[in-house]
Amino acid sequence: MSATAPFIPTGAGSRPVRVAPVDEVALEARAAVLCTRSIKTTSKRAALHLAIRCIDLTTLEGADTPDKVASLCQKAVRPDPSDPGIPSVAAVCVYPEMVGHAVDAVAGTGVAVASVAGAFPAGMSAIDVRTADIADAVRRGADEIDIVLNRSAFLAGDLGRAHDEIATAKEACGPAHLKVILETGELGGYDQIRSASMLAMAAGADFIKTSTGKIPGAATPPTMLCMSEAIRDFADQTGTAVGLKGAGGIRTAKQAWHYLVIVGETLGQDWLTPARFRLGASSLLNDVLLQLGKLDTGRYSGPDYVTVD
Amino acid sequence: MTPPDNDPRTEPFDLDYAPAPQSTAVVDIADEYGLFIDGDFVESRSGRTFATTNPATEEHLADVAEGSKDDVDRAVAAARNAYEGHWGALSGRERGKYMFRIARQIQERARQFAVLETIDGGKPIRESRDVDIPLSAAWFFYYAGWADKLEYAFPGRRVAPHGVAGQIIPWNFPLMMAAWKLAPALATGNTVVLKPAETTPLTALLLADVIRDVGLPPGVVNIVTGAGATGAALVDHTGIDKLAFTGSTEVGKRIQRATSGRRLPLTLELGGKAAHIVFDDSAVDQAVEGIVNGIYFNQGHVCCAGSRLLVQESVAEEFTLRLKRRMAVLRLGDPLDKNTDVGAINSAEQLRRITDMVDAGVAEGADLHQPDCDLPERGYWYPPTVFTGVQQSHSVARDEIFGPVLTVQTFRTPQEAVDKANNTPYGLSAGIWTEKGSRILWMAEQLRAGVVWANTYNQFDPASPFGGYKESGFGREGGLHGLAPYLRAAGRVA
Numbered sequence: 000m001s002a003t004a005p006f007i008p009t010g011a012g013s014r015p016v017r018v019a020p021v022d023e024v025a026l027e028a029r030a031a032v033l034c035t036r037s038i039k040t041t042s043k044r045a046a047l048h049l050a051i052r053c054i055d056l057t058t059l060e061g062a063d064t065p066d067k068v069a070s071l072c073q074k075a076v077r078p079d080p081s082d083p084g085i086p087s088v089a090a091v092c093v094y095p096e097m098v099g100h101a102v103d104a105v106a107g108t109g110v111a112v113a114s115v116a117g118a119f120p121a122g123m124s125a126i127d128v129r130t131a132d133i134a135d136a137v138r139r140g141a142d143e144i145d146i147v148l149n150r151s152a153f154l155a156g157d158l159g160r161a162h163d164e165i166a167t168a169k170e171a172c173g174p175a176h177l178k179v180i181l182e183t184g185e186l187g188g189y190d191q192i193r194s195a196s197m198l199a200m201a202a203g204a205d206f207i208k209t210s211t212g213k214i215p216g217a218a219t220p221p222t223m224l225c226m227s228e229a230i231r232d233f234a235d236q237t238g239t240a241v242g243l244k245g246a247g248g249i250r251t252a253k254q255a256w257h258y259l260v261i262v263g264e265t266l267g268q269d270w271l272t273p274a275r276f277r278l279g280a281s282s283l284l285n286d287v288l289l290q291l292g293k294l295d296t297g298r299y300s301g302p303d304y305v306t307v308d
Numbered sequence: 000m001t002p003p004d005n006d007p008r009t010e011p012f013d014l015d016y017a018p019a020p021q022s023t024a025v026v027d028i029a030d031e032y033g034l035f036i037d038g039d040f041v042e043s044r045s046g047r048t049f050a051t052t053n054p055a056t057e058e059h060l061a062d063v064a065e066g067s068k069d070d071v072d073r074a075v076a077a078a079r080n081a082y083e084g085h086w087g088a089l090s091g092r093e094r095g096k097y098m099f100r101i102a103r104q105i106q107e108r109a110r111q112f113a114v115l116e117t118i119d120g121g122k123p124i125r126e127s128r129d130v131d132i133p134l135s136a137a138w139f140f141y142y143a144g145w146a147d148k149l150e151y152a153f154p155g156r157r158v159a160p161h162g163v164a165g166q167i168i169p170w171n172f173p174l175m176m177a178a179w180k181l182a183p184a185l186a187t188g189n190t191v192v193l194k195p196a197e198t199t200p201l202t203a204l205l206l207a208d209v210i211r212d213v214g215l216p217p218g219v220v221n222i223v224t225g226a227g228a229t230g231a232a233l234v235d236h237t238g239i240d241k242l243a244f245t246g247s248t249e250v251g252k253r254i255q256r257a258t259s260g261r262r263l264p265l266t267l268e269l270g271g272k273a274a275h276i277v278f279d280d281s282a283v284d285q286a287v288e289g290i291v292n293g294i295y296f297n298q299g300h301v302c303c304a305g306s307r308l309l310v311q312e313s314v315a316e317e318f319t320l321r322l323k324r325r326m327a328v329l330r331l332g333d334p335l336d337k338n339t340d341v342g343a344i345n346s347a348e349q350l351r352r353i354t355d356m357v358d359a360g361v362a363e364g365a366d367l368h369q370p371d372c373d374l375p376e377r378g379y380w381y382p383p384t385v386f387t388g389v390q391q392s393h394s395v396a397r398d399e400i401f402g403p404v405l406t407v408q409t410f411r412t413p414q415e416a417v418d419k420a421n422n423t424p425y426g427l428s429a430g431i432w433t434e435k436g437s438r439i440l441w442m443a444e445q446l447r448a449g450v451v452w453a454n455t456y457n458q459f460d461p462a463s464p465f466g467g468y469k470e471s472g473f474g475r476e477g478g479l480h481g482l483a484p485y486l487r488a489a490g491r492v493a
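Sequences listed follow chains A and B, in order. Using numbering that gives the first Met the number 0, the first residue of the first sequence is number 0, and each one after it goes up by one. Using numbering that gives the first Met the number 0, the first residue of the second sequence is number 0, and each one after it goes up by one.
Derived from the structure by calculation, the hints contain no laboratory data. Do not take every clue at face value.
[As the list claims (entries may be wrong)] List time: in silico PhoX-like cross-link candidates among lysine-lysine, alpha-carbon distance up to 25 angstroms:
no.: 1; chain 1: B; residue 1: K419; chain 2: B; residue 2: K435
no.: 2; chain 1: B; residue 1: K419; chain 2: B; residue 2: K469
no.: 3; chain 1: B; residue 1: K148; chain 2: B; residue 2: K96
no.: 4; chain 1: B; residue 1: K96; chain 2: B; residue 2: K252
no.: 5; chain 1: A; residue 1: K39; chain 2: B; residue 2: K337
no.: 6; chain 1: A; residue 1: K253; chain 2: B; residue 2: K337
no.: 7; chain 1: B; residue 1: K337; chain 2: A; residue 2: K43
no.: 8; chain 1: A; residue 1: K39; chain 2: A; residue 2: K293
no.: 9; chain 1: B; residue 1: K68; chain 2: A; residue 2: K293
Source: prediction; values computed, not measured.
Please model the entire structure based on the sequences and the hints provided.
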């Protein structure tokens with residue numbers, strides 16, 4: 000935007016991208032207005048289906064087992080066994096150790112396998128170790144890789160390093176798509192979130208993502224709005240369309256709807272597709288199913304009428 | 000580049016909110032309304048009425064009594080009686096109690112007020128629900144608090160009410176303007192004859208209902224509906240001790256002429272042509288948001304609307320692009336729909352005025368831009384409009400339009416921005432958009448405007464004074480400053 004605003008380097012040969020400042024009060028006010036958008040029956044069904052199609056159904060526990068992952072994958076492919084009209088989710092998201100099991104379980108269904116990698120969730124390992132972790136997940140068959148931004152380098156002001164590590168990770172991904180988690184709750188403000196977004200996109204991220212889900216501060220409406228605005232700036236400046244993934248604390252269909260509105264009104268309807276928008280969640284899917292049930296029957300039945308996973 | 004859409008059952012998704020209309024069941028509009036004089040609804044002496052319509056549908060809502068000179072006489076006499084009989088001598092604490100009751104009643108009946116405001120005036124329900132009505136209640140709460148503390152407001156001086164205050168209010172924020180006028184007048188011990196605007200009388204009459212319900216003594220507040228002639232009768236009435244007017248500069252000037260030579264304390268809150276000054280280091284997306292809210296809020300029917308955008312030349316092109324993109328997602332339509340951003344123009348007359356002024360802008364050579372939006376077939380509508388390529392000499396950059404029309408000009412240095420911003424007969428408000436604090440303070444000192452917002456716009460609070468410079472009027476409403484126009488000096492404390 001301005002001659003005085005910070006720039007993010009984009010490596011040799013390409014133009015640096017500019018980062019616009021963010022006003023916290025006004026950003027939050029705009030996000031609050033978007034969250035008052037009301038949705039009625041006809042649009043609601045389409046929105047709920049879209050929400051399902053954009054979910055990265057996630058399990059990221061040390062206690063994950065092959066059977067747990069198989070169960071999750073079944074749910075991902077056929078969220079509601081009684082209703083084949085309900086679409087599959089976009090992807091399942093697991094740890095690298097579980098990728099092989101997930102790949103077997105979803106083979107031929109169109110559901111992608113995403114793997115966190117690169118010393119998730121802190122990322123505090125040597126870059127070689129992280130790169131090897133990514134390469135391993137890709138080798139096991141992951142279609143998408145979710146890594147974390149090096150917040151340590153970013154917060155210490157070493158933007159070049161934070162940028163170059165993402166570029167390295169992108170190379171290690173090969174054909175797999177790269178999602179970069181900013182862990183917005185650790186960045187300290189919207190200005191940092193916007194500049195981290197630009198940095199990650201400039202370094203080659205296919206998606207930018209809010210959170211690991213492992214710390215309290217996660218996706219919020221203003222954060223998603225802030226990142227949407229950064230994505231729009233990046234598309235304006237470079238012509239490249241990057242996707243947005245919200246994660247952490249997204250549990251209700253209403254929250255999902257708010258994010259669809261924020262993205263739709265900021266980036267346009269071109270972004271309302273699983274190719275450019277994802278919601279990382281585990282319990283969200285069941286609330287969406289219950290809300291769909293409510294559209295049909297008029298009643299919100301309850302947790303025992305949908306499968307736990 | 001991005002993962003393929005993995006679902007073969009892809010349905011195209013259209014971010015279509017579907018209508019979400021606010022239910023109108025809470026309001027019950029009568030066929031006819033009388034004048035509120037001396038605690039009762041009465042017919043006009045002349046028997047004449049005027050119609051009030053819903054500007055979004057042109058539907059006839061009710062016939063409202065048109066106050067004649069006789070009726071104004073009656074109302075002023077009732078106010079005089081109330082002042083001398085009871086209210087003038089009542090303790091501040093007792094006055095405050097009535098006002099707190101009014102404030103609470105507005106809150107309790109907020110939904111009713113909001114829906115009625117939207118039906119009668121055309122503004123989006125989101126605005127009447129979230130802005131007009133809460134602020135109206137807040138004004139009564141705030142000034143209720145002052146009622147028993149006036150001796151602390153002006154230390155060392157004794158103050159006394161004027162007596163009977165005549166108040167004339169506009170149609171853009173009907174209830175809120177009534178609250179802005181009534182609350183300080185009642186807190187200071189005056190009685191009131193209020194004349195609402197002829198296109199939007201209904202919420203003032205609902206407020207009369209509230210006033211009756213809370214047991215405010217008869218005659219303390221009288222509401223005389225009518226058009227210009229009714230207002231003129233109030234202005235010319237020799238029985239009033241104070242006059243407050245909010246409305247156009249043209250009428251304000253007429254009032255000032257009419258009252259010159261009388262010892263009548265006068266406050267005028269008139270038009271504006273506020274500048275929004277955007278520097279190259281601003282938080283650009285939030286600045287765009289503020290500009291959009293500053294001019295399209297309430298369809299631009301706002302005296303402090305930020306109607307002139309001055310943007311630093313180095314970023315003008317990019318900023319204008321972002322602005323147009325944001326305008327494209329403004330939702331214009333049924334004001335009762337909770338998703339509507341821009342409602343109906345208040346009246347056919349105002350629509351004509353806006354249309355004429357925009358046509359003049361096009362004829363003068365400014366570049367017109369309006370987003371694609373379907374205007375409803377019935378009702379009064381005007382699309383959000385922006386003019387680029389505007390020069391300081393263009394009429395659209397000089398005259399108050401009072402509609403959803405923004406002009407864009409550029410500047411190179413802070414001094415040039417100040418010069419252009421101040422180069423107007425008006426001086427009500429201004430907005431500054433920059434991340435640099437020192438520049439905000441410098442600009443705020445240079446700008447000749449009653450209110451200067453920095454990195455925000457159209458923020459109102461009862462504790463904050465509001466009013467103009469130059470042809471935007473004089474006197475302040477809100478805050479401690481808002482008490483002064485309703486009080487006279489009555490000697491020093493012994």
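We went through each hint and held it up to the structure:
A hinted pair counts as satisfied when its Cα atoms are at most 25 angstroms apart, and B/K419 with B/K435 qualifies at roughly 20 angstroms. For a cut-off of 25 angstroms, the pair hint linking B/K419 to B/K469 stands: about 16 angstroms separates their Cα positions. Distance check on the hinted pair: B/K148 and B/K96 sit about 13 angstroms apart at the alpha-carbon level, within 25 angstroms; holds. Straight-line distance between C-alpha atoms of B/K96 and B/K252 comes to about 37 angstroms, which puts the hinted pair past the 25 angstroms bound.
Among the hinted pairs, A/K39 with B/K337 is consistent with the structure: their alpha-carbon atoms are about 11 angstroms apart, no more than 25 angstroms. The straight-line distance between the Cα atoms of A/K253 and B/K337 is roughly 16 angstroms, inside the 25 angstroms bound, and the hint therefore holds. Only pairs whose Cα atoms come within 25 angstroms are accepted, and B/K337 paired with A/K43 is accepted, the gap being roughly 16 angstroms. Of the pairs offered as hints, the one joining A/K39 and A/K293 holds, with about 13 angstroms between alpha carbons and a cut-off of 25 angstroms not exceeded.
The suggested pairing of B/K68 with A/K293 is violated, with an alpha-carbon distance near 61 angstroms, which exceeds 25 angstroms.
Of the numbered hints given earlier, the model fails hints 4, 9; all others are met.
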